[in-house]
Amino acid sequence: MLGRARPWAACCLMLLISVCAVPSQAGSFPVPTRQEQSRLQAELQAARFLTHATFGPSSADIQSLANQIEKLGQVPALEAWIDEQFGLPGSYHEPLAKQMISDAGYTSPVADGVSTSRYRDDAWWHTVLTAPDQLRQRMAWALSQIFVISQHGDGFNSRALEDATGEPMYLGIVHYYDMLLGNAFGNYRSLLGDVSLHPVMGVFLSHVNNAKATATTEPDENYGREVQQLFSIGLYELKETGEIKVNKKTGEPIPTYDNEDIRSFARVFTGLHYAGANFGQNRRNFHAPMVMAEDKHDTEAKTLHNGTVLPAGQSGMDDINAALDNLFAHANTGPFIARLLIQRFIKSNPSKNYIRDVARSFADNGAGVRGDFRSVLKTILLHTEALDTYNLRLMKKTKTLEVSGSGTEHSRLQEPVLRYAAFLRAFNPTTDHRQGYLAIGDMSRWLNQQVYRAHHVFNFYLPNHVPAGELQTYRTSRQVPNYQLYAPEFEIMTSVAANRIANRFRSDVQDADVDLSSRDATGSYGFDVFLDFSEAEALAGDPPALLRHLNLMLCRGLLEDPALEKLAVILAQETADPTTRSRGAILALLTAPDCAVHE
Amino acid sequence: MKNRNRHTAKLAPQGVTRRDFLRMGGGCMAMSQTALLSTLVNMSMTRSALAAVPAEGYKAMVCLFLHGGNDSFNMLIPNDDAAYNDYVAARGNLAHARADLLGITDAADGRQYGLHASMPELAALYNDGKLSFVNNVGSLIEPVNAANYRNGAQLPLGLFSHSDQQRHWQTSVPQSRTQITGWAGRMADYLNDSVNQNPVISMNLAIDHLNILQTGDSIVPYVVDDRNGAEVLTGYGGNGAFNRILTQSTDSLLSETYSNLLKSGLAQTQRRSIDAAVGYNTATNAVNLTTVFPDTSIGRALHQVAKAIGAHGPLQQSRQMFLVERGGFDNHDGLLTVHPMLLSEISQALKAFHDALVELGCLDDVVTFTISDFARTLNSNGNGSDHAWGGNQIVMGGGLQGGRMYGHFPDSLAPGNPLDIGRGRLIPTTSVDEFNAELAMWFGVPNDGTLVDILPNIRNFVASDVTAPLGMLL
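Those protein sequences? They're chains A and B, same order as listed.
Counting in our numbering, the first sequence runs from 1 upward without gaps.
Counting in our numbering, the second sequence runs from 1001 upward without gaps.
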């Protein structure tokens, strides 16, 4: 498949534009006046951008950003929004989890009755649903799907205090998540260092207490392999555009590393152990970086990528830093990380131009700094391929604004967790939880996805997952690296999961609340997260207007006219009751393919 | 977009062979022609179903996964005089009194065993030749003994760790932490198209949880709830304005033509999810068993499994592989109080399942087996036991020669016995691969490169001319 040229979509021959945009059928909005047109355009652009950059917009969020877009123009307004986000203090999860436990009346985080998983989940949901630092939260969520750990690790669910720190072991994975939050607007190299030395990663990929070779044992190769395959350079040599380089003679992709490289990196990651313990001692400490036992570190010379040799006799930490520098400097790292991040924020199949531009901003932020996530994020969110694949056209004759996306290559299926969070945030959630938290808890049964619950280091889905069906034989444009389309999120959208997500939405929409239960020191209790559908209900008398409002809120205007018209007829026929009508409309749009797939 | 009400499934009747079968309207040997076909609504079958039942008939596997590490040397206890004394020496305050044991004998070699007092149903099934144990089985890459354990043998990664050992049982690739397919998933990759004519329901069916064991490169397990079966779209087809809007808007949105392939793919998935659940529930709800199952976690799950087995005809599946999971076996504390309750739950549920399979006429077509992370240290930590390695597993049905033992139960459990690598952690003498190979070959996987694809380490244990590695499912 690789290296074999494929015919590309004819449109690319016709259009001399950088983005091959194939407008699909459109959704349309009446805009009788120029003013209304300008306003609606700004609202649609705001809604779509906030879907990329946050856990979903509320009406007020859309209005506020639309004001800025009208005032400053789209790109300057969005850039100002991003800059403002960069300046916000981070909302961290571990302190919140502890606060929740204390608020629930427990005298200690390891008191009898304290659930080891509840507060990790609740702190995550409450934060992503309410915190102002939305972009940081989105970035951490994206990073958590690249630098993957999960709750499935030895000791991660232990309700005991760590000897060295006095912290509860079960919050170790939250400490790891907070480390991602802390690095979200920082530098990739710092993040890679923090990830590599974090004891939670040490357990998850088994390089804690990993000793140099003895007469009968060899170093554990797990981290040595994955830090290359998943966290930095990937399996195959890449061009700056993300295309896989091919050996011209054999037609095969060129591997970035072989088994000798794995052994070298495995030897680099020897000697690390828990802070406050001796090497080999399983005295867990998930809250302080692992430290080096020099006598367990392999001090022989190691050959790394691009001819770099670590000299014999170097200290363990010097070895590790030099090895991470070696990966950081590798030509693959920029395009590799660029593609993974674009997939989490914008689309499943970024074009060669898009990957190249993000990789270049990774290579140099404009001030000579490599690995700057702020520069990377701005490029991802403001790239023409993120913004201009969304088409707003004024039809002067009919005085309507037509909204369309750009088709298969410019789409992604929204992750279940993001779909659900966006749904809740769209309707101003409030709660009668005893301490006022949006304590959503574990939704994995319904969403088939939940923080800390990836089954393995390969995340919830593979970035290269190709679902069965037409996508496998689709002929891509030549803008797509290696002519292959991916749709990772379909890996967890199984024939079981689809109904479960729909049923979750149904239950919440029918009652206008999420029916939940929690527990505090006095026992278990039920509570609700209430959703405010009043804006929609006020429009229920006019089904097309109701649907257009929801189209803006939930679908960025991309619910196509034929679908909308049929839904309007169904609503009008089946009921005149405003509550039922508005809720029926909300539910329909939440599961509509036009809305769940983001173009 | 979909023909939701099309009756396309046609099964090739092979003749009714049992009276029970007619009464039941289902069974393992053949399909009835009318009652079951009439249940085939809403299953958008597209493929020809003429090959639905291959020549070799129907078979199913049921895996009962005991999460946390079943202390299986307190489930099956050696009961010859010397061996029991060694057991007591190893287990100290965790040992069960000899008088409480339910005596059973290995018909092959005459060794005496005691089954835990809370498992009388299993003792009866064993004595009736319907049930057996595979002993001291555990994850291995290659054969390991006391000498090479400390000197050069390739050992599974993360021995004695839950997450690793659970993964090893599921993947059969214990040298890797990054394996993302399970052996039953890879087996289904190989078998599914020839044994499963159902386009929306996988031959791998799981109770309540997605899992690695049943996930292949192209196979994802179909997950059903122990009580309610498949997750239907609530309210779809129901009464009241809200449900009517839901039904009509769903049908309308899913029948739009989408030029965007992600949208059309999602619409297809949603349509299948709705139709598959209705089809599964229609088929399984038509199976009415007189056998009463205990209302326990395992009991409810096996009841659901029995219904799906009874419905394999309308489901158009001539091979089914089920996974039932039960947690709670990580008894570091309170072993002597908690563990007997779990063993009792297993025993009562397996007995009901056995009776249901007899009622369905397919006991010999269904093999049921347990797996568990590991057995536990024979040595006590005070009031419980810790993580160990080799352990004993239950096998029932599939035409096995019961009433005897398979694998090799350790000659002695005494501290310092030749398999003891410390605290009564025992080196397995039968590998998970041999156990899995026995099951896979019984299921129809040839002992050639296919078996090696499914069980990559198998040639370290089983040669290509072997037909039944354990000699159990002949």
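Bear in mind the hints are in silico, worked out from the structure with no lab data behind them.
Accuracy of the hints is not assured; some may be wrong.
[What the hints assert, rightly or not] On the chain B side, residues computed to face chain A include the following (Cβ under 8 Å):
1. Ser-1161
2. Ala-1277
3. Phe-1461
All C-beta atoms, glycine included, are put in the ideal place defined by N, C-alpha and C.
Verification of the supplied hints:
For Ser-1161/B, the suggested interface contact is upheld, since its CB lies about 5 Å from the closest CB of chain A, less than 8 Å. The beta carbon of Ala-1277/B comes within 6 Å of a beta carbon in chain A, closer than 8 Å, and the hint placing it at the interface holds. Given the 8 Å rule on beta carbons, the hint for Phe-1461/B is violated: about 23 Å separates it from the nearest Cβ of chain A.
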